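2 protein chains.
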Amino acid sequence: MNWRRVVFGRPIKDREEADRKVVVWQGLSVLSPDALSSVAYGTQEILIVLSTAGIGALWYSLPISGVIVLLLAFLVFNYRQIIAAYPNGGGAYVIGRDTLGPWSGVIAGTALLVDYTLTVSVSVTAGVAAVVSAFPGLLQWTVPLSVLVILFIMMVNLRGVKESAQLFVAPVYLFIAMVLIMAVYALVKAEPTAKPIHAYFAPSPLAAVSLLLILRAFSSGSSALTGIEAISNGVPIFLDPAPRRARTTLVLLGLLLGSMFFGTSVAAFRFGVVPNNQVTVLQQLAFRLFGHGIYFYLLSFVTMAILAVAANTSFAGFPQLASLMARDQWMPRMFLARGDRLVYQNGILVLGGMSILLVILFNGDTNALIPLYAVGVYVSFTIAMVSLVKKRLAEKAAPGRIATVITGVLGAMLTSIVVVISIITKFTEGAWIVVIAIPLMIWGLRAVRRHYIMVADHLRLNDLTHKPLAKKLVIVVPMASINRMTMATLTTALSMNPDELIALHISTSPERERLVTERWNKWQPDGRIKFVAIQSQYRSILRPMVRYIDHLTHLFAPGRVIVVIPELVVGKPWQNILHNHMAFALEAVLVFRREVSVTVVPYHLPDAPQEPSAPH
Amino acid sequence: MNWRRVVFGRPIKDREEADRKVVVWQGLSVLSPDALSSVAYGTQEILIVLSTAGIGALWYSLPISGVIVLLLAFLVFNYRQIIAAYPNGGGAYVIGRDTLGPWSGVIAGTALLVDYTLTVSVSVTAGVAAVVSAFPGLLQWTVPLSVLVILFIMMVNLRGVKESAQLFVAPVYLFIAMVLIMAVYALVKAEPTAKPIHAYFAPSPLAAVSLLLILRAFSSGSSALTGIEAISNGVPIFLDPAPRRARTTLVLLGLLLGSMFFGTSVAAFRFGVVPNNQVTVLQQLAFRLFGHGIYFYLLSFVTMAILAVAANTSFAGFPQLASLMARDQWMPRMFLARGDRLVYQNGILVLGGMSILLVILFNGDTNALIPLYAVGVYVSFTIAMVSLVKKRLAEKAAPGRIATVITGVLGAMLTSIVVVISIITKFTEGAWIVVIAIPLMIWGLRAVRRHYIMVADHLRLNDLTHKPLAKKLVIVVPMASINRMTMATLTTALSMNPDELIALHISTSPERERLVTERWNKWQPDGRIKFVAIQSQYRSILRPMVRYIDHLTHLFAPGRVIVVIPELVVGKPWQNILHNHMAFALEAVLVFRREVSVTVVPYHLPDAPQEPSAPH
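For the protein sequence lines, the chains are A and B, in the order given.
For what it's worth, this note's numbering labels the leading residue of the first sequence as 338, then goes sequentially.
For what it's worth, this note's numbering labels the leading residue of the second sequence as 338, then goes sequentially.
Treat the hints with care, since some could be wrong.
Label pairs and their calculated CB-CB ranges [stated by the list, open to error]:
1) A/Asn-700 / B/Gly-438: 55 to 65 Å
2) B/Pro-943 / A/Pro-943: 42 to 52 Å
3) A/Asn-799 / B/Gly-864: 53 to 63 Å
4) A/Val-616 / B/Gln-615: 52 to 62 Å
5) B/Arg-347 / A/Val-343: 48 to 58 Å
6) A/Phe-929 / B/Leu-777: 38 to 48 Å
7) A/Ile-761 / B/Arg-347: 51 to 61 Å
8) B/Lys-859 / A/Glu-855: 50 to 60 Å
25 Å max Cα-Cα, derived DSS-like pairs, lysine-lysine [what the hints assert, rightly or not]:
9) B/Lys-859 / A/Lys-804
10) B/Lys-867 / B/Lys-808
11) B/Lys-867 / A/Lys-809
12) A/Lys-358 / A/Lys-499
13) B/Lys-867 / B/Lys-809
14) B/Lys-350 / B/Lys-499
15) A/Lys-867 / B/Lys-808
16) B/Lys-859 / A/Lys-859
17) A/Lys-350 / A/Lys-499
18) B/Lys-808 / A/Lys-859
19) A/Lys-808 / B/Lys-809
20) B/Lys-867 / A/Lys-804
21) B/Lys-809 / A/Lys-867
22) B/Lys-808 / A/Lys-809
23) A/Lys-809 / B/Lys-809
24) B/Lys-867 / A/Lys-808
25) A/Lys-809 / A/Lys-867
26) B/Lys-804 / A/Lys-867
27) B/Lys-358 / B/Lys-499
Derived by calculation from the structure, the hints in this document are not laboratory data.
Keep in mind that this is a model prediction, so the values were computed, not measured.
Backbone N, C-alpha and C fix where the C-beta goes; we use that ideal spot for every residue, glycine too.
With these hints in hand, go ahead and build the complete structure from the sequences.
What follows is the structure in structure tokens.
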């Protein structure tokens, strides 16, 4: 138990829950990195798409960025209301479920769960790849290093969300500060040293820059907004009043993200940054503004850090969302269990395990996963906004009703454009995986829910006049020979006062059978015990035993048959390979038989561990 | 069950045992490949060592081969007597144990078990490497191919020793025939086309060829005899009269091995074969005699096959020896269990598993293991011959007593020379591993035996006046809510007629506790059942449950506490992840508590599999 204390800290009582919650600045450092890290490539994505139509097309990055910032404003405005309406979190899943029906909720929820898993794999390997590119000797260690980073983030999150907030606060705020300083400096103070190349040209006419290209650039740039839904999912991590704190955090994130993204876009245009494969747009800006010095290197390093930390947002969002879906019986009940540290540990473990699996399967080359990224989030954005519009329309007198409907409809139109364009333009690059994975997963969730409903229906006891009534009891005690363990087992069996008690000896040779029978007759332990010896034809002890028990079950139906069997408890774990564990083997077979129960009677050797004190 | 029938065949009854035994020609094809495959490199090993002292030294290969053949004769003469004395097999282990004491037996047995494991890894990878060198495209698949070959040999042996005899008979007899034809042809018919180079020189004087070099050449060449002990270990695989059949097989093997080895050595000298890295001595001979035609290629191919088949000898020897050592309680009891096909399946599985592990650990490069090879076998030869000498000296009137003592003493001297020389000259190449592995393993076997003796001493019931007496019985039924499963479990519990029956509800919230308590009071199932509700502070159900059970144990000591708990049996295996399996979790914890037993009551959902018919 001691190493667990060191790694995860002491167990936390239910009533200490408030101490585990976070305030705004901590919540921002947990829930924002996914969104903020998008700044690191949002502008770049737009410029890459536009540059395919020539330098002149880069001008369009300004209006496109403007539309994205507008969409951001819509999203913040809408999600603030969703948080207020659903203080237990769950965002698009919950509002979709309650407004459009369970399937819409499940689609939004599944899309987000898939997205969170992809985020962990992609952002951690992207961060590690950036570090590795600086130290080429590490190249062959990309996969193990990524796995290590994921394990580390998992461990921190198993300690608690507050611990992860404190640990990752530095890179988050440093990244915010550095990007903002750069954007402000680029816009206000510095004078471009040279006129940008494309400033010599008028913007290309729309004919040259097709509408599809604009839409593609817009949908690529929209990836900058992924991650802002995390706050609406993670409301319960905040200290009360949680919804208010979550809303403040959301507005703050919106302002920071908007100014960082738009600032970067404008600065990039002003300095004529053209995307290339070697250096990112952010790095190019840093180089133009501050040269090849400490700012450049620090920014590169902090960008890597924020990418890795982005995974942390998933570790806050996934377990919360999974627990809500488990409460509605769409997900296995284990996602509802909170462990020693008050976190949904199974959500953390499953998320970590699946993203490690993805990293290993894709051999650390998660670029292939990036196209899949935005689709899931934008599906959930669309469902959230459509739901909110429908909800507000149904309410007669909600404040700000008109504004919500307008922004919601416009926002949903924009987000559904991103979904459609992403699926079409990136279908062959990998978006088809999402198109297959999400329906498959929904099909699985449906099976989970049907099972739970079937079980609940079957177990329900409506008629409380039904009472348990004792039945006839037949006990079978298998024994290999007559020894102290046999005696202890028979003692337990006799204490159960059975109607029939059978000591069953399965032998593999006639001599053995004769020997045990003779010894039994000499012993004559108790008149109530009937001795039965059976010889096995196939050397197996288990099979004739099970056959005989089946025979008893039929004979004494509807009585209960209980097999009472000892399990030797040894002093050291390795000694377990020296014994056959018939008790557990028998249990594994007999669990599939109705009306037969197995009682395992532990028999402790003198050097067996003394009852360890109950875990607290 | 169906795929098992296809792969392993139908289960075999005890009384069908005789049908599973082999006769001489089959026994030879199972037990000889290890020894015969040594011919493939025995002569070569001698020539490699001698050639370091110059071409002139190669002459010494003749007297050295002569001494090895003499040793072979001694070994055959001695092991024939060991087989007669120990018709149940076990060879050096059994005679060492009975004559020199248990530790000598264990040393011989351990040395052989280690050797058998090495044989499988080395011979299979050597065979695969030979095939791979012909098809360089396969090079990267060396390890998977070797693993596949081992798995295949395992599978055949799990079907039965007779099946493996029939399957591998062709390469064995083909190899014997081809080598003998070549030896006879080289010696009798063919005239060397050119005078061999070193025939021009007189043999180098002894001064130039140091005694150490002679001894090294002798000990390297002795590896040709490894494997002949397998027959003495595997006597029980023969049809009755097994010892007579085993002795005939041994003599046959001795004659074949002796003539193949000596014939090859003389032929190699006569044709002036000088060892080189590209082509083996056997291949060179085939080339000189028959040119670069079909004989050369067929011989190369059959040599590979015999190397892979050599592994099969280990699969016959290891399980038999392990079962004998398990009977003496040096090895885990599981090595005594014979499965459906009457083979010691655990010995086969462990041998296969360990050799696969070695192949993977050494990444298919098992050349590193070859130096370790001979040491183990020669340790067992020495112990066997010393034991036989001691045994015969103790007997006054054994026939052939004098001859046995003389050959035994001379033989033991020769084999101990091989052990000492091998360890010294190959110590840094890897023989040190054996020097460490064998003592370590013996230390482990000692711990196994001490444990079994301790258990037997502790469990022994000498005083048959001790009888089992019923004790006070306290039953605890944990329940999450009141439903049909609760009712079924309480039915079983009531059928056990306990003195106390407690329905235990652990809740994670006060509301839940109130709800269940109210429903219980409304139900009032049975006056004998006491309802206890406990609230968990840490969300864990298991811990407060175990603490309460500990409390009951102390309260009611020396009564028996039984926890009766349901286990939901679902329709499809995947649905198991949807439930928490508290029954097995509780059992795993409570097995470490004395006086507490767990009864698992299976509760079948309507779609749960109906009691599968008992396995035959």
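Status of the hints after comparison with the structure:
no.: 1; hint: A/Asn-700 / B/Gly-438: 55 to 65 Å; in the structure: holds (57 Å)
no.: 2; hint: B/Pro-943 / A/Pro-943: 42 to 52 Å; in the structure: holds (47 Å)
no.: 3; hint: A/Asn-799 / B/Gly-864: 53 to 63 Å; in the structure: violated (23 Å)
no.: 4; hint: A/Val-616 / B/Gln-615: 52 to 62 Å; in the structure: holds (53 Å)
no.: 5; hint: B/Arg-347 / A/Val-343: 48 to 58 Å; in the structure: holds (55 Å)
no.: 6; hint: A/Phe-929 / B/Leu-777: 38 to 48 Å; in the structure: holds (42 Å)
no.: 7; hint: A/Ile-761 / B/Arg-347: 51 to 61 Å; in the structure: holds (59 Å)
no.: 8; hint: B/Lys-859 / A/Glu-855: 50 to 60 Å; in the structure: holds (57 Å)
no.: 9; hint: B/Lys-859 / A/Lys-804; in the structure: holds (12 Å)
no.: 10; hint: B/Lys-867 / B/Lys-808; in the structure: holds (20 Å)
no.: 11; hint: B/Lys-867 / A/Lys-809; in the structure: holds (22 Å)
no.: 12; hint: A/Lys-358 / A/Lys-499; in the structure: holds (7 Å)
no.: 13; hint: B/Lys-867 / B/Lys-809; in the structure: holds (16 Å)
no.: 14; hint: B/Lys-350 / B/Lys-499; in the structure: holds (16 Å)
no.: 15; hint: A/Lys-867 / B/Lys-808; in the structure: holds (19 Å)
no.: 16; hint: B/Lys-859 / A/Lys-859; in the structure: violated (53 Å)
no.: 17; hint: A/Lys-350 / A/Lys-499; in the structure: holds (16 Å)
no.: 18; hint: B/Lys-808 / A/Lys-859; in the structure: holds (24 Å)
no.: 19; hint: A/Lys-808 / B/Lys-809; in the structure: holds (20 Å)
no.: 20; hint: B/Lys-867 / A/Lys-804; in the structure: holds (15 Å)
no.: 21; hint: B/Lys-809 / A/Lys-867; in the structure: holds (22 Å)
no.: 22; hint: B/Lys-808 / A/Lys-809; in the structure: holds (20 Å)
no.: 23; hint: A/Lys-809 / B/Lys-809; in the structure: holds (20 Å)
no.: 24; hint: B/Lys-867 / A/Lys-808; in the structure: holds (19 Å)
no.: 25; hint: A/Lys-809 / A/Lys-867; in the structure: holds (16 Å)
no.: 26; hint: B/Lys-804 / A/Lys-867; in the structure: holds (15 Å)
no.: 27; hint: B/Lys-358 / B/Lys-499; in the structure: holds (7 Å)
In summary, the numbered hints that this structure violates are 3 and 16.
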